[in-house]
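Novice: Here's the letter readout for the chains.
There are 2 protein chains.
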Amino acid sequence: MTASLLIRNVRPNAGPALDILIENGRIARMAKDIAAPAGVAVEDGRGEIAIPGLVEAHTHLDKSLWGQPWYVNEVGPKLLDKIDNERLNKRRLDLDPARQSARQTVQSSLMGSTHIRSHVDVDTDHGMWGVEGVMQTRDGYRDIVDIELVAFPQSGLLRRPGTLELMDQAMKAGCEIVGGLDPCAIDRDPKGHLDAIFGLCQTYGKPLDIHLHEPGEMGAFSMDLIMERTRALGMKGKVTISHAFCLGSPDPALVDPLIAQLAELDIAIMTTAPSRSAAPPVKKLLDAGVRVCSGSDGIRDTWGPYGNADMVERAMFIGLRNNFRRDDEVDLGLDVCTTGGAAVMEIADYGLAEGKAADLVIMPGESLTELVVTRSPKRRVVKRGRVVARDGVSVRTAP
Amino acid sequence: MTASLLIRNVRPNAGPALDILIENGRIARMAKDIAAPAGVAVEDGRGEIAIPGLVEAHTHLDKSLWGQPWYVNEVGPKLLDKIDNERLNKRRLDLDPARQSARQTVQSSLMGSTHIRSHVDVDTDHGMWGVEGVMQTRDGYRDIVDIELVAFPQSGLLRRPGTLELMDQAMKAGCEIVGGLDPCAIDRDPKGHLDAIFGLCQTYGKPLDIHLHEPGEMGAFSMDLIMERTRALGMKGKVTISHAFCLGSPDPALVDPLIAQLAELDIAIMTTAPSRSAAPPVKKLLDAGVRVCSGSDGIRDTWGPYGNADMVERAMFIGLRNNFRRDDEVDLGLDVCTTGGAAVMEIADYGLAEGKAADLVIMPGESLTELVVTRSPKRRVVKRGRVVARDGVSVRTAP
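The listed protein sequences correspond, in order, to chains Z and V. Following this note's numbering, the numbering of the first sequence begins with 16 at its first residue and continues without gaps. Following this note's numbering, the numbering of the second sequence begins with 16 at its first residue and continues without gaps.
Hints were generated in silico from the structure; no laboratory data involved. Each hint should be verified, as a subset may be incorrect.
Which copy is meant is left open, because identical chains are indistinguishable; a pair holds if it fits in one copy or across any two.
Stated by the list, open to error - In the DSS-like style, the derived pairs of lysine-lysine whose C-alpha atoms are separated by at most 25 Å in a straight line are:
hint: 1; residue 1: 97; residue 2: 298
hint: 2; residue 1: 187; residue 2: 206
hint: 3; residue 1: 206; residue 2: 371
hint: 4; residue 1: 299; residue 2: 93
hint: 5; residue 1: 298; residue 2: 93
hint: 6; residue 1: 97; residue 2: 393
hint: 7; residue 1: 298; residue 2: 251
hint: 8; residue 1: 97; residue 2: 221
hint: 9; residue 1: 206; residue 2: 93
hint: 10; residue 1: 97; residue 2: 299
hint: 11; residue 1: 47; residue 2: 371
hint: 12; residue 1: 371; residue 2: 298
hint: 13; residue 1: 187; residue 2: 221
Same shape as in the complex, but just chain Z (with noise of 0.2 Å):
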């Protein structure tokens, strides 16, 4: 669903106030005073500040809580509790994927984002049942949210036998990129879960998006093996790392061989901003030409109650968690959260210029700094032209 818009007296990523014509949901002009061709809508603008649509690149919307009665989370510390209680939990919290992920996606246009790549979990419990829900959704709310699915091995992939076999009928299906989880601290087969991923990735001629939580110098074997493959296989541009955590190890000997090579190979990094783990240094990443990307992470799920698929506050978190004061740092986690995001998605036609999709979200502020610290929920989301939510209100109901 496209459409054609004026909107007028708004402010292009803080700069000075333009209209900006789209037609056909895509932006036509950029300029003073357009005039409004016959029968297209004008939105007042209000000298606010437009921003290309938020990105939202690493999710798990087949199993967020939102809109559940509310769950008292008594879990375990390990990480493998965690796993457990939520493979062994999905069905008796009625956690439909297709339900939740359209809850989700409601949430995150409301929010403003216009693009979301989600992981999905594979598992042998369950089957396609993620997967076929989040394509459910997928198709059913393309109007407001572009979404790619990543098939993810959440409860291992080799030790759970099975699950390579469930990871290709999820690539059939028609699932964007290949998924991986840890392979020494949850696999604890490095060698066997990377060829085996790397292999789908052959197969189906698909990238790679791997968690990688493994701290310090664990993290930075696996990442090795990772990028031996990459190079091996040919897959420049074509591999992005979630989490890794090791790149936030305080050991420069360690991190900056790391970050020399994921600039060679274009491995991108996606980063949540982790207020309790190591986290990768988003500046001196980009400064090394590396694409960073960020995302919600699970939102309200059994891990934990936290998120509000807000990708404005993730840039406020990002901030804070790289010390960032001055404006030109703090517009940086913006840009991990729009034009990073579109990078590491590959997303054609992104941004604010003409030619471009519409995709844009309007809020008010003096600054592109004062957007991120104020994280104002009036907002207004603009999907190919078409204003799909407004100060919280959406188009589109979820189920």
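Chain Z is already provided as a structure; the job is to place chain V on it using the hints.
Specialist: Okay, now just chain V, sitting in the frame of chain Z:
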């Protein structure tokens, strides 16, 4: 100013629904189906949760930029860059402490704070300007928030001759607490600095609240000197150490003996739960019996653009920083921002119980954990029995 009020159908600390009868600013009864006394206003609690008033136990009311034109931060990376930039630009930026503290106070009240401890700059460039301005707000806005002042040598005490005399003047003028700052890193004379500020405590019979950003071994050394004086001068229970980054050291051999001494001397710890610095381990401190409070620190000032005075959001930051995921853990963050702050500020008659002052916040949610992660702007704030803020609108306006 006190008032009488009957709040119907509200859930104190997310427990069963009750009515709360407030008489002359105090909670007179909490029970089911209380008959409304003649002439007493009735507030429908709508089954929402009531928590005791939030306690902002560490901020800087005198120097927020709140309500001013957007300030573009281009300051250098060092702590002294930020200190000097602020002191040298305060007049140019028209940071009138009376006006700015009033603005932040109203914002704090909107978010649910009923008590504030504010550090207030005392330096040779501005003398009593800050103290007088914040005292004006303390006296003028007493109906919505109780404020106490810490005389704070932000630019250093001994390194800038004349400051100690001004600190003495600030205590004479009625500051409730003596402040201090990084005796090694800023004043470069730990013995001299600590002897001077503990001397002020002795002279005026007042407690101490010292900023201690010093990390690792240096911070542990300064903390040790503080504890030595606390013991020698009989100031058990009268000292707060703010920030205390050294307690976030990963070395238990450094941290554990410090925590044991803090507990023994009943020295309180204030943490903002910073996401970029080493941060005190909140649960470990609470388990050891240490009083822990929290605060927003500077809100939108020349140091950085962040902050909105929301102590519910601060509780979330405490949870995120300490990896609190279980509901019982997340709720600890809210405890720190309510009863923890009250214990540190020695607020008499605090809490949701008969006989206590009727300072409370009503917010929608199923559980305390949901309050923390949702941070709803729909808040009703009651100060001494009077509804002083409702859904973002205060009974007071700021200049």
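Novice: Next step is simple, just say for each hint if it's right about the structure.
Specialist: We went through each hint and held it up to the structure:
1. 97 x 298: between (32 Å within a copy, 20 Å between copies)
2. 187 x 206: within (24 Å within a copy, 71 Å between copies)
3. 206 x 371: neither (42 Å within a copy, 64 Å between copies)
4. 299 x 93: Intra 31 Å, inter 18 Å, cutoff 25 Å: inter-copy only.
5. 298 x 93: This pair counts as between: shortest inter-copy Cα distance 17 Å, intra-copy 31 Å.
6. 97 x 393: neither (35 Å within a copy, 32 Å between copies)
7. 298 x 251: Answer is within: at 22 Å inside a copy they meet the 25 Å cutoff, but 44 Å across does not.
8. 97 x 221: Neither: 29 Å inside a chain and 48 Å across chains, both beyond 25 Å.
9. 206 x 93: Within. Shortest intra-copy distance 24 Å satisfies the 25 Å Cα cut-off; inter-copy 45 Å does not.
10. 97 x 299: Answer is between: at 22 Å across copies they meet the 25 Å cutoff, but 32 Å inside does not.
11. 47 x 371: So residue 47 and residue 371 pass the 25 Å test inside one copy only (18 Å; across, 61 Å).
12. 371 x 298: neither (27 Å within a copy, 50 Å between copies)
13. 187 x 221: within (11 Å within a copy, 72 Å between copies)
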